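J.: Sequence:
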Amino acid sequence: MRERRRALRVLMVTPRFWPAIGGVEKHVERVCEELGRMNVESQVVTLSHSQGLRQGESRRGTVVHRLPFGSRLLAPFSLIMSGGLRAAVKSCDLVHFHDVVPLLLLYLPVRVLCPNRPFYATFHGLEADPVPFHWRFLRRLARCLVRRCICVGGFIATEYGIRCDTLTHGAVATSEAETEERSGAVFVGRIEPDTRLADYVHAIHTLNRRGREMRLTVCGSGSIADHVRQLAESLRVDAQFMGHVERPEAAVARSQVMFASGYMSCLEAMALGVPVVAIAATPLKMAYFKSLRAAGAPISIQTSLEGVVREVERILDNAALQREVSQRGRRFTSTSTWTELARTYLWLWTSPKNRPRRRSLPPVK
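Using my numbering, the letters of the sequence shown map in sequence onto residues 14 to 378.
Each hint should be verified, as a subset may be incorrect.
Mimicking SDA-like on lysine to any residue, the simulated pairs with C-alpha atoms at most 20 Å apart in a straight line are [as the list claims (entries may be wrong)]:
| no. | residue 1 | residue 2 |
| --- | --- | --- |
| 1 | 39 | 351 |
| 2 | 39 | 29 |
| 3 | 39 | 303 |
| 4 | 103 | 143 |
| 5 | 103 | 54 |
| 6 | 303 | 224 |
| 7 | 303 | 143 |
Computed Cβ-Cβ distance ranges for the label pairs, DEER-style [stated by the list, open to error]:
| no. | residue 1 | residue 2 | range |
| --- | --- | --- | --- |
| 8 | 212 | 153 | 41 to 49 Å |
| 9 | 223 | 364 | 31 to 39 Å |
| 10 | 363 | 206 | 40 to 48 Å |
| 11 | 363 | 46 | 34 to 42 Å |
| 12 | 320 | 81 | 28 to 36 Å |
| 13 | 316 | 248 | 33 to 41 Å |
| 14 | 69 | 329 | 45 to 53 Å |
| 15 | 323 | 353 | 32 to 40 Å |
| 16 | 226 | 46 | 39 to 47 Å |
| 17 | 363 | 323 | 16 to 24 Å |
Hints were generated in silico from the structure; no laboratory data involved.
Computed from a prediction, not measured in an experiment: that's the story for all the values here.
No residue lacks a Cβ here, since even glycine has one placed at the ideal position from N, Cα and C.
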């Protein structure tokens, strides 16, 4: 009888994990889940984002180790002092860091515990717009500490000046659901200045003044949520602020257009056949969204409020265009699955270093 090959043991180090909410958290959880079907045993080391969380538990087959809640600066000492964490680190075949902070914070203690293990990284998103010099420096330093890396978006290579071994824009579950009656617009994501929700509220206000009578559904929370809610009320925009929604797909599927905030929400809308319109008011945001379009995504990128208004009108007034964009979005996301993303991780860890990733993309210029 053929002996089963031993599972590859991977340690994922991430700034936050379930039950925390966000794109990185979902990325790590779903990738670990898919890797479990590919003979990969994943364990997660993460910082506790709030008090009362268990320091050790299992989530969908992934063992989770949480460093105690408190100062990040104490995290390296907590890792060294915890017997369970030391055992998890020593037993892994490789270590994969998600983003700069956990990599730089925990690099030395993890390296001491497993000096001969290869280190890898995924660089997600951006910290500020424009990118501060110190973040460029820290990302370049982090890149020097790992063997290979995945970048979520080609803009990371151009804006931070680091070499990406392969690119991704995330993943999404494909949808076979029938298109239901649609109306209004939807926004899913953080409500922060950089996601431009206030601009989208103004766009809805302008559309209403032109006789469109559109409703806006907002799924998300953030530091300026109250301010944007008050803005919508003052402009008499019919806006429903739903807070965090565990599964926003239902709200997206009911909408005629998605206002873009980040890659995850864009992919979710495209998988449901909903057109996506983005506003890129800065060069960094333009590079961010252009990276998604360069990969083949049917995203409309506008640079002004009036551009957003005109694009929404163009979509709503052209049924044939709506069908075309819907079909292109579904085709694009049909290959942007969690299974495919997990295979990208396996390629990163196991393929010869000089073999290029077949689906990798050139940096956006």
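J.: If a hint holds in the structure, say so; if it doesn't, say that too.
T.: Right, here's what the structure says about each hint:
no. : hint                     : verdict
1   : 39 with 351              : holds, 11 Å
2   : 39 with 29               : holds, 10 Å
3   : 39 with 303              : violated, 23 Å
4   : 103 with 143             : violated, 39 Å
5   : 103 with 54              : holds, 14 Å
6   : 303 with 224             : violated, 31 Å
7   : 303 with 143             : holds, 16 Å
8   : 212 with 153: 41 to 49 Å : violated, 32 Å
9   : 223 with 364: 31 to 39 Å : violated, 53 Å
10  : 363 with 206: 40 to 48 Å : holds, 41 Å
11  : 363 with 46: 34 to 42 Å  : violated, 19 Å
12  : 320 with 81: 28 to 36 Å  : violated, 48 Å
13  : 316 with 248: 33 to 41 Å : violated, 22 Å
14  : 69 with 329: 45 to 53 Å  : holds, 51 Å
15  : 323 with 353: 32 to 40 Å : holds, 35 Å
16  : 226 with 46: 39 to 47 Å  : holds, 42 Å
17  : 363 with 323: 16 to 24 Å : violated, 48 Å
Checked against the numbered hints listed earlier, the structure breaks hints 3, 4, 6, 8, 9, 11, 12, 13 and 17; every other hint is satisfied.
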